[in-house]
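Sequences listed follow chains U and E, in order.
Mapping to UniProt numbering: the first sequence position 92 is 92, numbers consecutive.
Mapping to UniProt numbering: the second sequence position 155 is 155, numbers consecutive.
If you're looking for bench data, these hints aren't it; they were derived computationally from the structure.
Capping the alpha-carbon separation at 20 angstroms, the derived lysine-lysine pairs in PhoX-like fashion look like this: (1) E:LYS26 / E:LYS96; (2) U:LYS127 / E:LYS130; (3) U:LYS127 / E:LYS199; (4) E:LYS199 / E:LYS141; (5) E:LYS21 / E:LYS47; (6) U:LYS38 / U:LYS211; (7) E:LYS47 / U:LYS191; (8) U:LYS191 / E:LYS48; (9) E:LYS98 / E:LYS21; (10) E:LYS98 / U:LYS127; (11) E:LYS26 / E:LYS95; (12) U:LYS218 / U:LYS191; (13) U:LYS89 / E:LYS199; (14) E:LYS96 / E:LYS21; (15) U:LYS89 / E:LYS130.
Partner residues aside, some chain U positions facing chain E, computed with beta carbon under 8 angstroms: (16) PRO79; (17) PRO81; (18) GLY84; (19) ASN124; (20) TYR128; (21) PRO129; (22) GLY168; (23) GLU170; (24) ILE171; (25) ILE172; (26) ILE190; (27) LYS191; (28) LEU231; (29) ILE232.
Some chain U residues judged to face chain E by a derived CB distance under 8 angstroms, without partners named: (30) ARG83; (31) SER85; (32) PHE86; (33) VAL87; (34) LYS130; (35) SER131; (36) ILE165; (37) ASP173; (38) LEU174; (39) THR228; (40) SER235.
Treat the numbers as computed from the prediction; the structure is a model and nothing was measured.
Idealized CB from N, CA, C, for every residue including glycine.
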Amino acid sequence: MATTIDRRRLLGPANAKPLVFAPLPEEYQQKLQIDASKEDDIESQITRTFIKSGLITNANGSSFLELDGNIVSISVYGPRPIRGSFVEKTTLSVNLEDNTGLFNDLLNKKFCQYIENNFLSVINLSKYPKSGIDIFINIISVQDIDQLYLKLLSLVSDATTLAIIDAGIEIIDLVVSSFDYENNTVLSYIKNDEIVGILGESEDSIENLSKIIEKTQKKSIHVKNALTTHLISTSQ
Amino acid sequence: MSIEIPSFTVPGQPLCPTLQKTKDPKLVHKFEPGNGAILQQVEINNKKTSIISSTLVGKVQIEEILEDEKETTDGQDEEESKNSQKEDNEEYNIKKFKISVIPNLKNQYNEFDFINKETTNTNFATNLPKEGDIVLSRVTKLNLKQAFVEILAVEGSGNVLTDSGIGSNGHGIIAPGGGSGAATFSIHQASSDLGETFKGIIRSQDVRSTDRDKVKIIESFKPGDIIRAQILSLGDGTNYYLTTSRNDLGVVYAKSYNGAGGLMYAIDWQTMVCSKTGELESRKCAKPF
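Next comes chain U alone, as it looks inside the complex (with noise of 0.2 angstroms):
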């Protein structure tokens, strides 16, 4: 339902749809055995992994990431003018749209919940008065919906953060996010050591919590640096 009316452009029919291809008949979806080390191998991941920004035009700021079969695009306008009451501080929206049609609704909703709540944090709000940003999350190919979704929300924090540097916003620091597939969380860290989102799926990942914590917080690191080298050595 949009509660909004484009009256500048012309638009295409009102009823287009995109092209979808049915999916694959069920002997030729082969399902790959996940490998407990490869996925505690963050250094051989990153060196795996694509990265690029400024795809999509249109957008203030956008991004594109590609790992072990996982692709997500990520988009960010604004800030963009907001109507109604005075606002001091902007209002964020996480919007996710999923071109693999593997994605439930509670599912959408918890990835979108999680970047909300990971980057209200982040983002230096007041410098937004009067104004909203919007984020896209658009997930092209996912690895393993059942068991390596919280990898690809780790991939999709981390594809955020970039398209939100590229979109010129202030943000406190940078959010990397990282993966424990033994216990099935997912941990996003500010400064090295400040948790900004945690989202277990796991029944013991509340009693191995600090090791968990140990865990993803050294592979963080791994992964900060990663987009430390990357966003020096492309915008320079």
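Starting from the known structure of chain U, fit chain E onto it as the hints suggest.
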């Protein structure tokens, strides 16, 4: 020992402490955060200190803040600050600096800005209109009491939208629920308004500084005019409040016959003439030079 300030930063990177010793034992450097920098509290060896850290990717720029430029707002404040300065001055000389981060984002505006390529920040995201800024705006509608405008550009900071609101490029997608604007949208407003540009109001008493009660909006502006104005306040949720009550503010570009005729030039502060037909129209003109 003084700490070297990095020349290129990423978000979260510490730039410098707020106070820094120099080689001269009597001289202290004090830093204040500008655009792209933020004051943060950190704990070093169990001691809390405030540092300035970066919030953008870009080059670091340090400007000295000269004391003369500083405006004192309140009489009491002035005395207090003088007293505290005196106390400080007995021991130290303080030199103030503003430290900011200039993002080197690619912007079409940059290519034509030969002079200030290095120093101006043309990214609109870090330059939302704020009080005191000079903006260029287009008149959208009038009533007896005020003129409604949309803000096109902030002077020295580039366009609000990449296409100046013409719509050739689109302003991207809007989320099904209305996106970040949904919280404050009412359906009635949203249906006629996409929320693409920042809007403003020039009230009749803010058009000029003399004879303010005799101002007629219709003799000052017409829809379609481009106006150079100053931001008075952030206003309400929808509109910024603007003023043109200065010689160098007012209409800078207008066409005669409500846009149907030719380009007009200002001949005095309240008249414009069409160069083709010689038709005179009244406007509140900006002093061109």
